[in-house]
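*Asks:* Sequence order for the protein chains is A and B.
For what it's worth, my numbering labels the leading residue of the first sequence as 2, then goes sequentially.
For what it's worth, my numbering labels the leading residue of the second sequence as 3, then goes sequentially.
Just so you know, not all the hints are guaranteed correct.
Stated by the list, open to error - Pairs of lysine-lysine, DSSO-like flavour, derived with a Cα cap of 27 Å:
#	chain 1	residue 1	chain 2	residue 2
1	A	Lys29	A	Lys192
2	A	Lys68	A	Lys210
3	A	Lys145	B	Lys29
4	B	Lys29	A	Lys128
5	A	Lys192	A	Lys210
6	A	Lys63	A	Lys228
Treat the hints as calculated values from the structure; they're not laboratory data.
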Amino acid sequence: MTSVRTIVRVANVTKTFQLGKIAVHALKGVDLEIPTGQYVSIMGPSGSGKSTLFNMIGGLDKPSTGKVFIDEVDISQLDAYELAWLRCRKIGYIFQTFNIIQVMTALENVTLPMTFAGMRSERATEKGMELLELVGLADRFQHKPFELSGGQQQRVAIARALANDPAIILADEPTGNLDLSTGEEIITLLKNLSHERGVTIISATHDIKMLNVSDQVVWIRDGRIDKIESREELTISVGRIDARAGA
Amino acid sequence: MATIDRSNTATAPQPRIHRQVVLPLGKSFEIAFNSIRVRFFRSLITTMSLVLAVSFLSFVSVNTDVANGLLSTGDPALRQALIRSGYDLAPEDTRADSSPKQRWIVILSLLVCVVGIVNAQLMAVTERFREIGTMKCLGALDRFILRLFLLEAGMQGLVGAGVGALSGAAFALLGNLLRFGTRALTTPAGDEILLSVAFATGVGCLLSVLGVLYPAFVAARMQPVEAMRVEQ
């Protein structure tokens with residue numbers, strides 16, 4: 002992990018949505034490079050194009066113009082099979098609403114992506130248990146989602162996101178549906194994971210708590226990148242961030 | 003088995019983009035079965051219209067089998083009894099086939115049942131949008147989703163149609179037993195009744211799968227980004 006490799010590169014991306022007769026320009030030319038192993042937060046008010054950019058990076062949406070490279074592969078060139086492979090192996094998703102599959106137990110949720118990746122079921126179970134242990138839920142592997150608290154569900158989701166050792170974890174408002182202290186626990190867990198495993202974590206968020214652990218914060222405003230701040234700059238300008246948050 | 007070996011090398015430091023994503027059939031069955039088990043009540047309601055329609059179909063065809071059995075004895079008294087109970091038998095008829103009107107009613111009931119299944123399954127798909135989107139984010143292909151829905155419908159169809167066909171046949175035999183006495187059970191050919199039950203079950207399965215096709219396509223074509231949507 003010593004050499005800094007670019008894992009995500011967004012090159013001059015624009016996105017236009019057609020809403021009836023009105024064209025909405027969600028992104029107006031975004032350039033962004035995210036180095037491997039970093040914890041990057043994408044911040045911005047709702048409607049700023051934050052989610053659009055985020056979905057683009059996750060291969061969930063295609064740009065109108067411009068290119069998105071994941072590990073130097075242009076994702077707009079990929080067909081459905083390759084995209085599915087990418088989602089399965091390269092990217093782990095964490096959602097605001099946890100999205101644990103309701104009909105499966107915690108362990109089954111974690112092993113599902115491994116099944117898609119073609120792993121034998123004994124090996125998948127073994128690895129699933131390791132991952133649940135990692136997030137501190139080894140004793141609840143047989144529980145169904147409705148028997149778990151929000152924080153625990155999000156932990157299962159994190160274990161599931163790690164299932165196939167992805168290069169990137171995309172977290173969409175991971176603390177949005179959690180209370181303050183649980184949110185903090187989740188953030189710490191993500192930070193530790195990014196540190197220990199060298200996973201790049203990209204999270205879209207409103208949560209100011211995220212800033213303390215981020216290596217880089219990308220501020221999006223009105224479809225453009227407002228500014229990119231690294232951690233050092235952040236600590237100096239905390240006062241301003243708080244002011245922004247209050248605004 | 004080759005996929006397993008590849009899965010280990012794919013996580014090596016410089017992986018390229020591959021295409022291999024799998025969902026083994028056994029695992030599909032397991033997921034589909036669990037899905038039905040967990041949503042048992044919901045599946046029960048989806049299957050109910052199928053049970054009723056198939057039991058009607060089975061009832062009608064087993065009735066015909068019994069009437070044929072009774073006719074084949076050549077006993078004039080039984081023939082009179084059949085005519086009294088509503089069978090249109092010309093003097094030269096040796097078989098009592100179901101009337102066109104009866105057939106239309108059966109076909110109509112089956113059509114209504116398919117519409118009911120489509121309706122219920124569309125609702126089920128809407129309910130499961132997030133689950134489907136999540137699966138796609140985890141790397142599921144369109145056809146995994148399609149397969150899961152088809153398997154679920156197939157299993158529901160098999161059980162629902164089986165129950166329907168058997169209960170329809172049982173009611174038909176019971177009714178005829180009360181009307182014509184024990185000869186209603188002894189004269190018809192057993193294999194014909196079995197064939198009727200099997201046919202009704204088969205038709206039921208087919209309808210169940212037919213009814214889920216469109217909803218399953220809707221589900222399979224869903225964009226994974228839907229899973230990200232918060233409001234629901």
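*Asks:* The structure should be examined with respect to each hint, and the outcome stated for every one.
*Replies:* Hint check:
1. Distance restraint check for Lys29 of chain A and Lys192 of chain A: the Cα-Cα separation of roughly 31 Å exceeds the 27 Å cut-off, and the hinted pair is therefore not satisfied.
2. Taken as a hint, the Lys68 of chain A and Lys210 of chain A pair is broken in the structure, with Cα atoms around 31 Å apart against an allowance of 27 Å.
3. A distance of roughly 18 Å separates the Cα atoms of Lys145 of chain A and Lys29 of chain B; the hinted pair therefore holds under the 27 Å criterion.
4. About 17 Å separates the Cα atoms of Lys29 of chain B and Lys128 of chain A, which keeps this hinted pair within 27 Å; it holds.
5. Proximity of Lys192 of chain A to Lys210 of chain A is assessed by CA-CA distance (about 12 Å); at most 27 Å being required, the pair is judged to hold.
6. Our distance criterion of 27 Å between C-alpha atoms is met by Lys63 of chain A and Lys228 of chain A, whose separation comes to about 23 Å.
Consistency with the previously given hints fails for numbers 1, 2, ordered from lowest to highest.
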